[in-house]
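Enquirer: Sequence order for the protein chains is A and B. Position one of the first sequence corresponds to residue 1 (the numbering used here), numbered consecutively onward. Position one of the second sequence corresponds to residue 1 (the numbering used here), numbered consecutively onward.
Please note: incorrect hints may appear among the correct ones.
[To be verified] Derived CB-CB ranges, DEER-like:
{"#": "1", "chain 1": "B", "residue 1": "ARG265", "chain 2": "A", "residue 2": "PRO157", "range": "45 to 55 Å"}
{"#": "2", "chain 1": "A", "residue 1": "LEU261", "chain 2": "B", "residue 2": "ALA109", "range": "25 to 35 Å"}
{"#": "3", "chain 1": "A", "residue 1": "LEU41", "chain 2": "B", "residue 2": "ALA109", "range": "50 to 60 Å"}
{"#": "4", "chain 1": "A", "residue 1": "ARG182", "chain 2": "B", "residue 2": "PHE271", "range": "53 to 63 Å"}
{"#": "5", "chain 1": "A", "residue 1": "ALA78", "chain 2": "B", "residue 2": "ASP113", "range": "39 to 49 Å"}
{"#": "6", "chain 1": "A", "residue 1": "LEU35", "chain 2": "B", "residue 2": "GLY37", "range": "58 to 68 Å"}
{"#": "7", "chain 1": "A", "residue 1": "LYS102", "chain 2": "B", "residue 2": "GLY37", "range": "54 to 64 Å"}
{"#": "8", "chain 1": "A", "residue 1": "TYR128", "chain 2": "B", "residue 2": "ALA109", "range": "49 to 59 Å"}
{"#": "9", "chain 1": "A", "residue 1": "ALA78", "chain 2": "B", "residue 2": "ASN168", "range": "55 to 65 Å"}
{"#": "10", "chain 1": "A", "residue 1": "ARG182", "chain 2": "B", "residue 2": "ALA172", "range": "46 to 56 Å"}
{"#": "11", "chain 1": "B", "residue 1": "GLY12", "chain 2": "A", "residue 2": "ARG182", "range": "25 to 35 Å"}
{"#": "12", "chain 1": "B", "residue 1": "GLY12", "chain 2": "A", "residue 2": "LEU41", "range": "23 to 33 Å"}
{"#": "13", "chain 1": "B", "residue 1": "ASP113", "chain 2": "A", "residue 2": "LEU105", "range": "23 to 33 Å"}
Note that these hints are calculated values from the structure, not bench results. Backbone N, C-alpha and C define an ideal beta-carbon position, used for all residues, glycine too.
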Amino acid sequence: MTGLAVRPQARPLGRAARRRTPSLSVGVVTLWLSLMVALPLAAVGSRAFEDGWGAFWRSATAPQALSALWFTLGVSLAVTGVNAVFGLLVAWVLERDRFPGKRALNAVIDLPFALPTVVTGLTLLALYGDAIAYTKWAVVMALLFVTLPFCVRAVQPVLRELDREAEEAAASLGASGPVIFRRVILPHLVPALVSGCALAFARAVGEFGSVVLISGNIPFDTQVSAVYAFKQIESDNIRGASAVSVTLLAAALAVLFALRLFERLRDHRGEA
Amino acid sequence: MISVTGVSKRYGDFQALDEVSVHVTPGALTALLGPSGSGKSTLLRIIAGLEVPDAGTVTLAGEDVTHVSPRHRGVGFVFQHYAAFTHMTVRQNVAFGLTVRKEPREKAAATVDRLLDVVGLTGFQHRYPHQLSGGQRQRMALARALAVEPSVLLLDEPFGALDRNVRNELRAWLRRLHDEVHVTTILVTHDQEEAMELADSLVVLNHGRVEQVGGPRELYDAPASDFVMRFLGPVTETPRGLVRPHELVVSAVPEPDATEAQVARIVHLGFEVRAEMESGDGSRITAQLPRAEADALELEPGQIVYVRAPHAPRPAEPDTEEDLVRV
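With the sequences and hints as input, model every part of the structure.
Expert: Here it is in structure tokens:
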């Protein structure tokens, strides 16, 4: 009880004061987010559950739906892992090395953001058509392509702002290159890397355009959840599509929630 | 003994160091003094191995380390902006060098305890650097550098980012620390007062060259060049050469060898008074004299006085070059 009495004092004064006077801007933002995000999500949710929990569960756990879901999550996780390593490497080279054509390369990193995903699919099909089209590897390649920028762009600014003298200090204290990287540099990059990975993962889980052509959409093999949902709509099974959508939504929310939790834990450790 | 012989370093068109040679006595505190761009920091970084010279050699304790990486040189380096490991506690920062050298845990802990005590941060050991003041951070950086028992401690403008009071305090503290620990120390500074106060010996650098080497008093009394004289303290130009303002004798009546001048402005500095004057040919002369003396002369603007130097002022001379100077 005494703890409760002390609490308000521990908080910054401005926060309480601000909370008492919700402004017009807060209202506009709430309305906008409701229209753009909450309403559509609620619509999908209500569609998925319109025939009750049992029907939802049957649709969501249909063998083909489950297979697509596990494949989607697995391949997204793998792609995210690869991205973490190579994204870090690309960011490092772009920030720390000097070479001709660096600016051009830096610009190219954003191409997957800018390119329509169907074009990506077509490009990959033209390039790898005979070799890997309609295999799981095709899905991996497509997802690697569209998620490439996330980790690179997340890590780059942090890497740029790092205190190079701290690395020099570590060197003069006897640390080798790998030790400096692991003990002095990496701890600063991990938060950015994690958030870049989370975004890449969320993107991979929901990716449709680049995958739909090159995967061949083979059930129980190369079919990802987003494409499965699309097929359900095509065959007029709106509830089935909604159920898969809600599952994907839950996965995306779980990732974002985990990210928030991670950030909070880090803040509590006192690294402002 | 630290020897730098014939070291040159060029960055693009900028010649940072031009065949510099400096020899430092073990156990002493040596200051590398010069204006920004004089090459003093570059020289320090070359001694630490953080830069590789284009030409010349660096030897530590008789061993040529010119191409040895910083991690094998056994030098401690303290940076102007602390270079703290911000994700580690104060204790982890200080212990870093011992940890990477895989010192036995208990021995390392004892060393860290002792150093935290020396720098007065025992009570702060579980804090993070951002929870410390600038002065505390720099003391942490010093403890971190000393933990690995370096053969030489290199300080690059260590008090440059601190405010005046903290700076003066840390200066005195560093000098006491040096007298206790006796580790060979090289300090880079652009502040002549700091160099004079701290160092046993000074190396004055300008445009990537050594201007003069010597003790504080030696340099002040017998500067080898106009540059050194100007850099080590205030100067005023008399028709016969450079002299320190407080050396000028001001008199109300004409004297042999004295220059006639008109008082333009009187500045009260507390214990002393600065008289800004203009001589017959229009050149400005500044004299600094004790207040009692100024009061006796009843100095005021417009007054005509006679100014002379008690000894021959330093005549204008071409700069001499000393390539190899012993400290």
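Enquirer: Please go over all the hints and tell whether each is borne out by the structure.
Expert: A quick look at each hint next to the structure:
Between B/ARG265 and A/PRO157 the Cβ separation comes to about 53 Å, which falls inside the hinted range of 45 to 55 Å. At roughly 34 Å, the beta carbons of A/LEU261 and B/ALA109 sit within the given window of 25 to 35 Å. Range check, A/LEU41 to B/ALA109: Cβ separation about 55 Å, and the 50 to 60 Å hint holds. Roughly 58 Å separates the CB atoms of A/ARG182 and B/PHE271, a value that falls within the hinted 53 to 63 Å.
Our hint of 39 to 49 Å for A/ALA78 and B/ASP113 holds, since their Cβ atoms are close to 47 Å apart. The hint said 58 to 68 Å for the Cβ distance between A/LEU35 and B/GLY37, and at roughly 60 Å that hint holds. Evaluation of the 54 to 64 Å hint for A/LYS102 and B/GLY37 yields a failure: the beta carbon distance comes to about 29 Å. At about 57 Å, the CB distance of A/TYR128 to B/ALA109 agrees with the hint of 49 to 59 Å.
Roughly 60 Å separates the CB atoms of A/ALA78 and B/ASN168, a value that falls within the hinted 55 to 65 Å. Roughly 39 Å separates the CB atoms of A/ARG182 and B/ALA172, a value that falls outside the hinted 46 to 56 Å. One distance hint, 25 to 35 Å for the beta-carbon pair B/GLY12 and A/ARG182, holds here, with the actual separation near 34 Å. Checked against the hint of 23 to 33 Å, the pair B/GLY12 and A/LEU41 fails, with Cβ atoms roughly 57 Å apart.
A hinted range of 23 to 33 Å for the beta carbons of B/ASP113 and A/LEU105 is inconsistent with their spacing of about 50 Å.
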